[in-house]
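Visitor: In case you want the letters, here they are:
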Amino acid sequence: MKVVPVRHPWRWVASAVILLLVAMLVNTLLFSHVVRGGTREGRFQWAVVGHYLFATPVLRGIVVTLELTVIAMVAGVIIGIVLAIMRLSPNRLLSGSAWVYIWFFRGTPVLVQLTFWYVGISYLYQHLTLGVPFGTALVTLNSTTLVTSFVAGALGLSLNEGAYMSEIVRAGIISVDEGQNEAAASLGMSKGLTLRRIVLPQAMRIIIPPTGNETISMLKTTSLVSVISGVDLFQATQNISNANYEVVPLLVVASLWYLFFTSVMTIGQYYIERHYARGSSRQLPPTPLQRLTAALRHTRTRPVPALSEAPWVAPHD
Amino acid sequence: MTDPSPGAGRGRLMVEARGVHKAYGRLEVLKGIDMTVARGEVLCLIGPSGSGKSTFLRCINHLEKIDGGELAVDGELVGYRQVGHRLHELKDKEVCAKRAEIGMVFQRFNLFPHMSVLDNITSGPVWVRKAATGPSRDRARDLLDRVGLADKVDSYPNQLSGGQQQRVAIARALAMDPKLMLFDEPTSALDPELVGDVLDVMRDLAGEGMTMIVVTHEMGFAREVGDTVVFMDGGVVVEQGDPTRVLTDPQHDRTRSFLAKVL
Chain A
1 MKVVPVRHPW
11 RWVASAVILL
21 LVAMLVNTLL
31 FSHVVRGGTR
41 EGRFQWAVVG
51 HYLFATPVLR
61 GIVVTLELTV
71 IAMVAGVIIG
81 IVLAIMRLSP
91 NRLLSGSAWV
101 YIWFFRGTPV
111 LVQLTFWYVG
121 ISYLYQHLTL
131 GVPFGTALVT
141 LNSTTLVTSF
151 VAGALGLSLN
161 EGAYMSEIVR
171 AGIISVDEGQ
181 NEAAASLGMS
191 KGLTLRRIVL
201 PQAMRIIIPP
211 TGNETISMLK
221 TTSLVSVISG
231 VDLFQATQNI
241 SNANYEVVPL
251 LVVASLWYLF
261 FTSVMTIGQY
271 YIERHYARGS
281 SRQLPPTPLQ
291 RLTAALRHTR
301 TRPVPALSEA
311 PWVAPHD
Chain B
1 MTDPSPGAGR
11 GRLMVEARGV
21 HKAYGRLEVL
31 KGIDMTVARG
41 EVLCLIGPSG
51 SGKSTFLRCI
61 NHLEKIDGGE
71 LAVDGELVGY
81 RQVGHRLHEL
91 KDKEVCAKRA
101 EIGMVFQRFN
111 LFPHMSVLDN
121 ITSGPVWVRK
131 AATGPSRDRA
141 RDLLDRVGLA
151 DKVDSYPNQL
161 SGGQQQRVAI
171 ARALAMDPKL
181 MLFDEPTSAL
191 DPELVGDVLD
201 VMRDLAGEGM
211 TMIVVTHEMG
221 FAREVGDTVV
231 FMDGGVVVEQ
241 GDPTRVLTDP
251 QHDRTRSFLA
261 KVL
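Taken in order, these protein sequences are the chains called A and B. Using the numbering used here, you'd call the opening residue of the first sequence number 1 and step up by one each time. Using the numbering used here, you'd call the opening residue of the second sequence number 1 and step up by one each time.
One should not assume that every hint holds.
Some but not every residue of chain A turned toward chain B, in silico, with C-beta under 8 Å [unchecked claim]:
#, residue
1, 175
2, 183
3, 185
4, 188
5, 190
6, 191
7, 197
8, 198
9, 201
10, 202
11, 206
12, 208
13, 210
14, 214
Since the hints were made in silico from the structure, they are not lab data. Think of the CB as a built atom: it goes at the ideal place given N, C-alpha and C, for glycine as much as any other residue.
Looking at chain A on its own, in the form it has when it is part of the complex (with noise of 0.2 Å):
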């Protein structure tokens, strides 16, 4: 008997649909034309985008960008393990402290945050000492020259990280069962080393994909620091055409890199997460790497493994 296959008319509606509007898509973004000041150029200005692309102002501003992002990043982990350990002890003292800084930076816009590291400083104390509490100041400094755009950016986006990655950090420790503990205990493990040895590792696989996330979009928040003067890659774009009104081309310059970077810290994460599901799943998927050598050799030598053969049989006592 022949079998008639459901026919899904709409999925062929709705691929029309989308083909079209990619080629529209594709039409003004490469094709179209426009007549600026009387003459014709294309409409998104490609040569203006390449020739500012890699301009030495952008590179400069794309440094200052990943060194906020590392430096936010390193430091709001770090800060997000201390505040996540506070939270979990039994030290009311510790924990409520802990709440309250998460409590704190949670609670205001980073925007706020930044000028208030920028400007509030300065204008609070002028100078910063560092010495005895309410004893003898070993080192006196400036505060207008010790706290830079950069210093303020980096420590108000380190501050407030802090806070998202402690909750981050928080969810994972407590999804390790408590049966971990407990074996490390019967071990003789200390507490730390138990943490460290044992239940940080595996709540790691919860704490990496989030924490991806909070690195992507740490990537874009360092934009902020240009408003308390910093140049990070957005202000290098916006310094350029504020002196050449190339408006659009250097802001497609800055999106361009941005995807850039995002996409190669997306590629990190996914091997990053595979590290960390060492033993969570018995066999690993081959990564898309693997998928294609494997089909370049398939098509090449051409021999067909049998299901029998499958590396993964399920084990049995």
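Chain A is already provided as a structure; the job is to place chain B on it using the hints.
Guide: The following block gives chain B in isolation, referenced to the frame of chain A:
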């Protein structure tokens, strides 16, 4: 806490409990447990769920803190040091050192899933005892061989069946050269056909003279391997003695009705 010299007369006893009390809030789980375990003795703790037998086991290596009475392992109080007429609570570090001498096997295995079988077994010796990695690994391979899993060295726990995982857990505990082994319902989470392998390993261990306290529902094992059977119910020891006598000729109604349900 009345005996001024707790070390005296305990030479041959591995575990000595006198009037051990434990409560969670208002719920009294242990209502005065008296029990002794001699060196080399295999004691099987039986009883209905909620009778306090697992809690008592966990008190022995200080996973739970006792609220009253006196509990000593190998002549030393659990969790305290006696100085004159005062009891000083032990520091975390001292508690850890004591625990390292007592092996424990859990109902749910509790292997470390992110580490290979070999690393699970060497974790205690290498991280806690600071033993050299090479000899610890050789020792771990020997132990795996002993529990019949020599070929699983590089596997991860969830690539193993429950019975295999539990035998790795026993090997992990043995790697610390414990003077006492605690088993908390080691076969309760296993498929019936996998129980035998685990019990075989425990039987061998008992044969080698290991002091063991086993919370179990395996009455056959208790009768065959146990030197003593203790029946607990409602936080008290109802009856204890020779396994064959307790299991075939119980003196108490509660023991009788429990055995009627499980045998």
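Visitor: It remains to establish, for every hint, whether it holds in the given structure.
Guide: Hints and how they fare:
| no. | hint | in the structure |
| --- | --- | --- |
| 1 | 175 | 12 Å, violated |
| 2 | 183 | 4 Å, holds |
| 3 | 185 | 6 Å, holds |
| 4 | 188 | 3 Å, holds |
| 5 | 190 | 5 Å, holds |
| 6 | 191 | 7 Å, holds |
| 7 | 197 | 6 Å, holds |
| 8 | 198 | 6 Å, holds |
| 9 | 201 | 5 Å, holds |
| 10 | 202 | 5 Å, holds |
| 11 | 206 | 12 Å, violated |
| 12 | 208 | 13 Å, violated |
| 13 | 210 | 19 Å, violated |
| 14 | 214 | 23 Å, violated |
Checked against the numbered hints given earlier, this structure breaks hints 1, 11, 12, 13, 14; the rest are met.
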